[in-house]
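Asker: With the hints as your guide, set chains G, H and S onto chain W.
Keeping their order, the protein sequence lines are chains W, G, H and S. Note that the working numbering has the first sequence beginning at 2, numbered continuously upward. Note that the working numbering has the second sequence beginning at 2, numbered continuously upward. Note that the working numbering has the third sequence beginning at 2, numbered continuously upward. Note that the working numbering has the fourth sequence beginning at 2, numbered continuously upward.
By construction, these hints were calculated from the structure, which means they are not laboratory data. It is possible that part of the hints are untrue.
Since the list gives no way to pick one copy over another, a pair counts as held whenever it fits inside one copy or between any two copies.
As the list claims (entries may be wrong) - No farther apart than 30 Å at their CA atoms in a straight line, the calculated lysine-lysine pairs in the DSSO-like style are these: (1) Lys-282 to Lys-248; (2) Lys-284 to Lys-208; (3) Lys-138 to Lys-257; (4) Lys-282 to Lys-208; (5) Lys-133 to Lys-101; (6) Lys-138 to Lys-272; (7) Lys-7 to Lys-257; (8) Lys-208 to Lys-79; (9) Lys-257 to Lys-101; (10) Lys-7 to Lys-33; (11) Lys-94 to Lys-138; (12) Lys-67 to Lys-165; (13) Lys-248 to Lys-101; (14) Lys-133 to Lys-94; (15) Lys-158 to Lys-94; (16) Lys-257 to Lys-277; (17) Lys-101 to Lys-67; (18) Lys-165 to Lys-208; (19) Lys-257 to Lys-284; (20) Lys-248 to Lys-133; (21) Lys-162 to Lys-94; (22) Lys-284 to Lys-272; (23) Lys-7 to Lys-150; (24) Lys-158 to Lys-208; (25) Lys-7 to Lys-101; (26) Lys-165 to Lys-7; (27) Lys-257 to Lys-282; (28) Lys-248 to Lys-284; (29) Lys-248 to Lys-277; (30) Lys-272 to Lys-101.
Protein chains: 4
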Amino acid sequence: MDNKQKNAILLLHCPDTQGILAAVTDFINVNKGNIVYLDQYVDYVNNVFFMRVEWDLNQFLIPSDKIEEYFQTLFAAKYQMEFSLYFSDIRPKMALFVSKMSHCLFDILARYTAGEMNVDIPFIISNHPDLKWVGDKFGIPFHVIPLNKDNRAELEKEEMKLLKEANIDFIVLARYMQIISPEMIQTFPNNIINIHHSFLPAFVGAKPYHAAYERGVKIIGATSHYVTSELDAGPIIEQDVVRVTHKDTVNSFVAKGRDLEKIVLSRAIEKHIERKVLVYKNKTIIFS
Amino acid sequence: MDNKQKNAILLLHCPDTQGILAAVTDFINVNKGNIVYLDQYVDYVNNVFFMRVEWDLNQFLIPSDKIEEYFQTLFAAKYQMEFSLYFSDIRPKMALFVSKMSHCLFDILARYTAGEMNVDIPFIISNHPDLKWVGDKFGIPFHVIPLNKDNRAELEKEEMKLLKEANIDFIVLARYMQIISPEMIQTFPNNIINIHHSFLPAFVGAKPYHAAYERGVKIIGATSHYVTSELDAGPIIEQDVVRVTHKDTVNSFVAKGRDLEKIVLSRAIEKHIERKVLVYKNKTIIFS
Amino acid sequence: MDNKQKNAILLLHCPDTQGILAAVTDFINVNKGNIVYLDQYVDYVNNVFFMRVEWDLNQFLIPSDKIEEYFQTLFAAKYQMEFSLYFSDIRPKMALFVSKMSHCLFDILARYTAGEMNVDIPFIISNHPDLKWVGDKFGIPFHVIPLNKDNRAELEKEEMKLLKEANIDFIVLARYMQIISPEMIQTFPNNIINIHHSFLPAFVGAKPYHAAYERGVKIIGATSHYVTSELDAGPIIEQDVVRVTHKDTVNSFVAKGRDLEKIVLSRAIEKHIERKVLVYKNKTIIFS
Amino acid sequence: MDNKQKNAILLLHCPDTQGILAAVTDFINVNKGNIVYLDQYVDYVNNVFFMRVEWDLNQFLIPSDKIEEYFQTLFAAKYQMEFSLYFSDIRPKMALFVSKMSHCLFDILARYTAGEMNVDIPFIISNHPDLKWVGDKFGIPFHVIPLNKDNRAELEKEEMKLLKEANIDFIVLARYMQIISPEMIQTFPNNIINIHHSFLPAFVGAKPYHAAYERGVKIIGATSHYVTSELDAGPIIEQDVVRVTHKDTVNSFVAKGRDLEKIVLSRAIEKHIERKVLVYKNKTIIFS
Numbered sequence: 002m003d004n005k006q007k008n009a010i011l012l013l014h015c016p017d018t019q020g021i022l023a024a025v026t027d028f029i030n031v032n033k034g035n036i037v038y039l040d041q042y043v044d045y046v047n048n049v050f051f052m053r054v055e056w057d058l059n060q061f062l063i064p065s066d067k068i069e070e071y072f073q074t075l076f077a078a079k080y081q082m083e084f085s086l087y088f089s090d091i092r093p094k095m096a097l098f099v100s101k102m103s104h105c106l107f108d109i110l111a112r113y114t115a116g117e118m119n120v121d122i123p124f125i126i127s128n129h130p131d132l133k134w135v136g137d138k139f140g141i142p143f144h145v146i147p148l149n150k151d152n153r154a155e156l157e158k159e160e161m162k163l164l165k166e167a168n169i170d171f172i173v174l175a176r177y178m179q180i181i182s183p184e185m186i187q188t189f190p191n192n193i194i195n196i197h198h199s200f201l202p203a204f205v206g207a208k209p210y211h212a213a214y215e216r217g218v219k220i221i222g223a224t225s226h227y228v229t230s231e232l233d234a235g236p237i238i239e240q241d242v243v244r245v246t247h248k249d250t251v252n253s254f255v256a257k258g259r260d261l262e263k264i265v266l267s268r269a270i271e272k273h274i275e276r277k278v279l280v281y282k283n284k285t286i287i288f289s
Numbered sequence: 002m003d004n005k006q007k008n009a010i011l012l013l014h015c016p017d018t019q020g021i022l023a024a025v026t027d028f029i030n031v032n033k034g035n036i037v038y039l040d041q042y043v044d045y046v047n048n049v050f051f052m053r054v055e056w057d058l059n060q061f062l063i064p065s066d067k068i069e070e071y072f073q074t075l076f077a078a079k080y081q082m083e084f085s086l087y088f089s090d091i092r093p094k095m096a097l098f099v100s101k102m103s104h105c106l107f108d109i110l111a112r113y114t115a116g117e118m119n120v121d122i123p124f125i126i127s128n129h130p131d132l133k134w135v136g137d138k139f140g141i142p143f144h145v146i147p148l149n150k151d152n153r154a155e156l157e158k159e160e161m162k163l164l165k166e167a168n169i170d171f172i173v174l175a176r177y178m179q180i181i182s183p184e185m186i187q188t189f190p191n192n193i194i195n196i197h198h199s200f201l202p203a204f205v206g207a208k209p210y211h212a213a214y215e216r217g218v219k220i221i222g223a224t225s226h227y228v229t230s231e232l233d234a235g236p237i238i239e240q241d242v243v244r245v246t247h248k249d250t251v252n253s254f255v256a257k258g259r260d261l262e263k264i265v266l267s268r269a270i271e272k273h274i275e276r277k278v279l280v281y282k283n284k285t286i287i288f289s
Numbered sequence: 002m003d004n005k006q007k008n009a010i011l012l013l014h015c016p017d018t019q020g021i022l023a024a025v026t027d028f029i030n031v032n033k034g035n036i037v038y039l040d041q042y043v044d045y046v047n048n049v050f051f052m053r054v055e056w057d058l059n060q061f062l063i064p065s066d067k068i069e070e071y072f073q074t075l076f077a078a079k080y081q082m083e084f085s086l087y088f089s090d091i092r093p094k095m096a097l098f099v100s101k102m103s104h105c106l107f108d109i110l111a112r113y114t115a116g117e118m119n120v121d122i123p124f125i126i127s128n129h130p131d132l133k134w135v136g137d138k139f140g141i142p143f144h145v146i147p148l149n150k151d152n153r154a155e156l157e158k159e160e161m162k163l164l165k166e167a168n169i170d171f172i173v174l175a176r177y178m179q180i181i182s183p184e185m186i187q188t189f190p191n192n193i194i195n196i197h198h199s200f201l202p203a204f205v206g207a208k209p210y211h212a213a214y215e216r217g218v219k220i221i222g223a224t225s226h227y228v229t230s231e232l233d234a235g236p237i238i239e240q241d242v243v244r245v246t247h248k249d250t251v252n253s254f255v256a257k258g259r260d261l262e263k264i265v266l267s268r269a270i271e272k273h274i275e276r277k278v279l280v281y282k283n284k285t286i287i288f289s
Numbered sequence: 002m003d004n005k006q007k008n009a010i011l012l013l014h015c016p017d018t019q020g021i022l023a024a025v026t027d028f029i030n031v032n033k034g035n036i037v038y039l040d041q042y043v044d045y046v047n048n049v050f051f052m053r054v055e056w057d058l059n060q061f062l063i064p065s066d067k068i069e070e071y072f073q074t075l076f077a078a079k080y081q082m083e084f085s086l087y088f089s090d091i092r093p094k095m096a097l098f099v100s101k102m103s104h105c106l107f108d109i110l111a112r113y114t115a116g117e118m119n120v121d122i123p124f125i126i127s128n129h130p131d132l133k134w135v136g137d138k139f140g141i142p143f144h145v146i147p148l149n150k151d152n153r154a155e156l157e158k159e160e161m162k163l164l165k166e167a168n169i170d171f172i173v174l175a176r177y178m179q180i181i182s183p184e185m186i187q188t189f190p191n192n193i194i195n196i197h198h199s200f201l202p203a204f205v206g207a208k209p210y211h212a213a214y215e216r217g218v219k220i221i222g223a224t225s226h227y228v229t230s231e232l233d234a235g236p237i238i239e240q241d242v243v244r245v246t247h248k249d250t251v252n253s254f255v256a257k258g259r260d261l262e263k264i265v266l267s268r269a270i271e272k273h274i275e276r277k278v279l280v281y282k283n284k285t286i287i288f289s
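Looking at chain W on its own, in the form it has when it is part of the complex (with noise of 0.2 Å):
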């Protein structure tokens, strides 16, 4: 057995009464698991209580394998929970979607080749063949899939193959510029992540840059989200900003952006790796 921490991480969300918070530390407590990490947070709107819980599995009583049925049995089912469990030694598997543009993945792949992001990334995915000498440099497989709207149903289905042969858990669309069909959303909902290099609600679809120098805006922004069937519209995981001027340009507004989109994408992709992001209607629950 080796001596690395092993934590279970325990993401819920039920209807708000009395005493569910105290129910849950309590069984971590009697079953002599450590609480590292406890957050939790009561919509009043809405009268739902979230949370986030994390404790060391060393002295657990409770077999690793077990503690689903068992928090289901004894807590989902009593409370009208929704949960989700998961084990801090388990890397999920993330698959790159890109296309032409470069700076997002090479931010990602910077903090990965830095033992930064605890993932593994089984291949990129591009529609172009463009960036395929960056996947060469950081020897991670470049599958180039010509995908555009006319071929979409056709390539998608090698898409979601090769996804599934790799047990994808889920999808970063780094700067990766075509729609995703509600089917492959269906299959990974609430794991497809996109950056879309605006401030969202503002410049819904493309060419946003252009659209914010066209209004004369003071302020650019780029907006990390989940990808759901609504274009632009899904729960917002992150949001930045930068101050822009009117000596600033179509192109300054791109350069600009490039470092917004980066730095949101990759700050968005960590929340989601750490099991920190909990959406429920198209909003997002972000435990810091």
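Answerer: Chains G, H and S in isolation, oriented as in the chain W frame:
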């Protein structure tokens, strides 16, 4: 004659050609004007030259009341310029329009009474009596004109009469919750400053904080802009933002937003008073 | 009996051991308190558990005036807790200390008169008469106590008498430019809030804007902190910053700084009033 | 002859007197230079005039290799100017110094390989072999020179030889954790760019994140500056900040800081490459 420095401020734009800046600065220098501020900007997309120059009139050879005529004759005609000339010793007259919320009004009056705003405020107009006590505190006439969408045509005449009698130069809508008629907008082109409580162009129109809350944004904003005939679509003067989280409610959006709104509006007013805003094609050049 | 909700607010910290959170929440639940806010945090460096919990007392079985005693006996002794108990229907009494600058004072009074601050302000103290008119405008007693470094010992006694008579809970130094004596600090531990016009710990002491200008920084800041015996070194409650450029002067630093100072100070006051600040080892835990 | 536009870039400062700007722009216009950028700034405290002007050389009457001489004779001598002249088609040569941390290095190389930085990078120098693989990935020579405080005098000679042979124009310390000798600083005055992982002047020297954590700040920063003989006290080029809370640890300060550091350093490098930085009395004028 007083010792206080009197400056001329010239704002202009024209098609960009060689030598304009040299010609204008030469004109000022030759006539013994001491330039104390000069900034210029060329919009290479539209090929337009913009300039703000301010000079000390102390030894200037051309009498103040002749500068406009001379400049028109010598330069404006030649270079197809549009220009505005101001004098630093003439305080602009600002009318405040408010409804029920006090935060922007207080922020403006606090700066005004502390001598931070080089402006006169002859009166406040409101469609509600709620804030009359604030006007009274600060000794500023407060006109309650209960305008609404049904009586707008009639009551705006009353407002226009007040504005005209006091020689008002520009109007500030300090969370005034009424539409301004096209007639009033035409009478005060690029001289009606509004504060909209969102990061425009996101959440145009009523209840932007509710809309932002519904959308689940992670950042909210405020936007100060000149009023044009299209709702919330006029030239943006200033914007700023603040982070929110899932823990925020519509009420806390409103509370955080108040601080944004008042600061953004006051910054816009100050830029306007300092003659550092130039409007071109529904966008602003903000000289620093 | 009135219909207004009355809440108890409990702030505590203690050595971290298993089961504290469950014990405390269970105590509240069992006695029919409805928890409306709960946040906890564990400092794993110092191994300390921090918690803020707020519950509706409407059906709580323990009388309000007995809660402190019960909690001390049942939990605080057992877990070596330090705790504070507050009730939401008791408005804290805040004394304002000012000198000559009005911006922070106006910002606080604007919020106060608009009903945004759940606090009483029995009086304002100043070492100069300059801002007496502001107190008069808002109908708040304004005591001019011309304290300086030579007469501090004597005149602070006068101040202490006023503070005691009015049962002042905490003091806000709204750009009050005098040193506070160790005696007064000890009388109001973690209850004197200062605003320092720099991004601490940069530019401690006098004339921080001049120092920042000399150093050529690209960002200036403001810091609100509790006053301790060491100058500008107390626990930081809130900080914020704004960009400056080479075009800024000391005067424009001061002007930009005013907006920072007032917002940062008011945010800190609000956190203090809401009992969301917990001080531990010269640092603050700020509950959100 | 190629079609690519070749521009001259002139940076200058001199005592402020009337007519400089007109004289310089006139000189360019008269000789058929098309000005594509002009910005000027007057420091009224020190009474110094600063200017950056860029013009298209396509039809300029003075040969490129004579401009410096002519300008010196005609203007610089007369106005006691200090000036620098650059040509847009000559890419500066930049040496990268690194130690063990990869985030800044990756960020620079990602921009470089994407063609976003108009610079050549002949080699990377490190005092550790740890990042050699990164240089190898990007095909950039990586010299391991195991310099430390005991062998600095000797090994810096080796570095200086490399820098000289490659005609290096400026050096970027991309989290290089060694002191630079006065000799090297004098050889590259205002041409060694460092990134310091704090909001200077707070937390000068080693371990600033630890110091920031100890102080309990609510915002951390990063600062890029030119290296001078006084540690962390050179002219500041760029700074930026990010919020932290009591929940952050030294490790999360470090993680958040990495994103700040790389963006701030890359922004500073870009300003330097674009010849938009002018140093005067240990401060920078940053043209936009």
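Asker: Please list, smallest to largest, the hint numbers that this structure does not respect.
Answerer: 8, 17, 18, 20 and 23
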